[in-house]
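Top to bottom, those sequences are chains C and U.
The numbering of the first sequence is the working numbering, which starts it at 1 and goes up by one.
The numbering of the second sequence is the working numbering, which starts it at 1 and goes up by one.
Derived by calculation from the structure, the hints in this document are not laboratory data.
One or more of the hints may lead you astray.
Claimed, not checked - In silico DMTMM-like links for lysine to aspartate or glutamate, alpha-carbon gap of 25 Å or less:
| no. | chain 1 | residue 1 | chain 2 | residue 2 |
| --- | --- | --- | --- | --- |
| 1 | U | 231 | C | 63 |
| 2 | U | 305 | C | 63 |
| 3 | U | 252 | C | 89 |
| 4 | C | 66 | C | 85 |
| 5 | U | 49 | C | 63 |
| 6 | U | 145 | C | 85 |
| 7 | U | 176 | U | 7 |
| 8 | C | 66 | U | 21 |
| 9 | C | 66 | U | 213 |
| 10 | C | 66 | U | 311 |
| 11 | C | 66 | U | 301 |
| 12 | U | 231 | C | 23 |
| 13 | C | 166 | U | 207 |
| 14 | C | 177 | C | 89 |
| 15 | U | 231 | U | 181 |
| 16 | U | 205 | U | 148 |
| 17 | C | 166 | U | 311 |
| 18 | C | 166 | U | 198 |
| 19 | U | 231 | C | 161 |
| 20 | C | 41 | U | 213 |
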Amino acid sequence: MSTRRDLRVVRSGGYVIHVDVCEEVSLDCAREIHKLYYSIKSELSNQITEVVPGVSSIAIHYDPRKVSGESLARRIRDLWLWCRDVDVEDLYRSRKFTIPVVYGGEFGPDLQFIAAWSKLAEDEVVRIHSSRRYTVITLGFTPGFVYMGEVDPSIAAPRLETPRVKIPAGSVGVAGKMTGVYGLESPGGWRLVGRTPLTMFDYRRNPPIPISPGDEVYFKPIDAADFSKLLGIFVGDYSG
Amino acid sequence: MGSLRVEYIAGLATVQDLGRDGYRALGVPVSGALDKLSAVYANALAGNKPRSAVIEVFGAISLKLLSDAVVAVTGGYPRVFVDNVEVKSWMPVLCSRGSVLKVSPSGIGRIHYIAVSGGVVCEEVLGSRSTYVRGGMGCLGRPLKVGDVFEVPPIDVGYVWSRVADLRPPSDLVEKHVKPESSTLLRATEGVHSHLLEDLGTLLKSEYVVTAESDRMGYRLDGPPLASARKLGRLPSVPTDRGYVQVPPDGKPIVLMSDAQTTGGYAVALHVLPRDVDYLAQLSPGRRVRFELVDAGSADEEVSKYLGELERPVLQREELEYWG
């Protein structure tokens, strides 16, 4: 696996420390990032202003008036050595979320493409996509966008060459090994397999999305009639 | 409650404060004023706290003040009129109820900030009134339009005026906003992917021009392209922030601004220091910039000064002249 190598630490802009954990995006890599992410949150929270996990790296924001970037970078390296042998499952809150999805048709305009790409029937692609347990890798890109992995290699189609200008909130997409849900309407280049009626991101709540890195996500196929019934239910209030 | 009403807009006007820090891990852009120094000085000159909400204007706006107010307009050399009489920018101005405040561009600079004593009151989302238009959140969740009315808290305007009338911002800061240099120097540290860009030297040696494709998400620059960016193509997304210099495969740099997405898959060549992002924000299309690499230690030092100044703007008191 590509994750066991030395950390690359970059001090950026006078208030960010960037830690490059691995070179390729994978669930193994995500687990290494989560170890560091949750360890930083529990051990260094009084020395930093924000910690942002990515898909293969982490950004740590700090106030240089309170801590020097040099000493913080050192503490992060020490913490990395310490947390490498921690069992990541002990750090997770291990929450489970079920996300109902209408697959195909206008809800998943790329299901047909993925079926052709994988040489499988559309039903089979739906079965494969919805029969896995996914782990949340991170959130980001736009408010409430959830990156999850890993997708079964047989349906891991590449992203669109030209991104769409507008994708409806709740759209579920595939991009290589990752699957994701768009929290808000936005542009995007993932292959869309379906859409959830749940409200994934509601900025009037705090937190506006209850999902965290390491949580488990299951997709449940539903039909268009269920879609109207479930429309607008907050993801944190839906129990499947 | 005092209040104000939008009478005219040409361009884009939104309510902003210093942004919504703390939610990057959920994908929420920080938003906030593009030129934070101008925003905090507008507030200070109007007797407000640094994080009070101000109106950010690309273009021109006209506001009717429905109560007495102390107003300050800052940013890239705005022209300011109260009831059609021109007054100075970067100065507190006492306006009486019913007066009309007009702010228009002078051709120098790009963004104007209007602070009204007491601050603009509107919906706070995740600890900030900054408007993030793409996400429909913060304040009105959209740009201002004619007819919008904002509440301003009831305050003793006479008392505010007695405290701020003789306050003046540092002259070098004002100078920088009203007379930009022919080429603005942007100090930057290395970025996350500097080590992957073998022609980073091109970026550091050349002059780049601000293009018209520049908005609250990012400023696109034109100049010698970085050929190595094409070879790199798409990289695993990294967390990004204001001031990150991204280089997409066409090799032309984009400096991310306040509404930028929180992760990005393009090579990050440099990270421009926050103070210099404020100055960049004010550059109109056609203006030129150069990058200068600074080390991590001096970047920490400069950012410390900058954050201190955002919290406590440096104001001097001027001897007022009395007539008669």
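How the hints compare with the structure:
{"no.": "1", "hint": "U/231 <-> C/63", "verdict": "35 Å, violated"}
{"no.": "2", "hint": "U/305 <-> C/63", "verdict": "11 Å, holds"}
{"no.": "3", "hint": "U/252 <-> C/89", "verdict": "43 Å, violated"}
{"no.": "4", "hint": "C/66 <-> C/85", "verdict": "30 Å, violated"}
{"no.": "5", "hint": "U/49 <-> C/63", "verdict": "20 Å, holds"}
{"no.": "6", "hint": "U/145 <-> C/85", "verdict": "56 Å, violated"}
{"no.": "7", "hint": "U/176 <-> U/7", "verdict": "30 Å, violated"}
{"no.": "8", "hint": "C/66 <-> U/21", "verdict": "17 Å, holds"}
{"no.": "9", "hint": "C/66 <-> U/213", "verdict": "37 Å, violated"}
{"no.": "10", "hint": "C/66 <-> U/311", "verdict": "14 Å, holds"}
{"no.": "11", "hint": "C/66 <-> U/301", "verdict": "11 Å, holds"}
{"no.": "12", "hint": "U/231 <-> C/23", "verdict": "16 Å, holds"}
{"no.": "13", "hint": "C/166 <-> U/207", "verdict": "35 Å, violated"}
{"no.": "14", "hint": "C/177 <-> C/89", "verdict": "21 Å, holds"}
{"no.": "15", "hint": "U/231 <-> U/181", "verdict": "35 Å, violated"}
{"no.": "16", "hint": "U/205 <-> U/148", "verdict": "47 Å, violated"}
{"no.": "17", "hint": "C/166 <-> U/311", "verdict": "39 Å, violated"}
{"no.": "18", "hint": "C/166 <-> U/198", "verdict": "35 Å, violated"}
{"no.": "19", "hint": "U/231 <-> C/161", "verdict": "17 Å, holds"}
{"no.": "20", "hint": "C/41 <-> U/213", "verdict": "38 Å, violated"}
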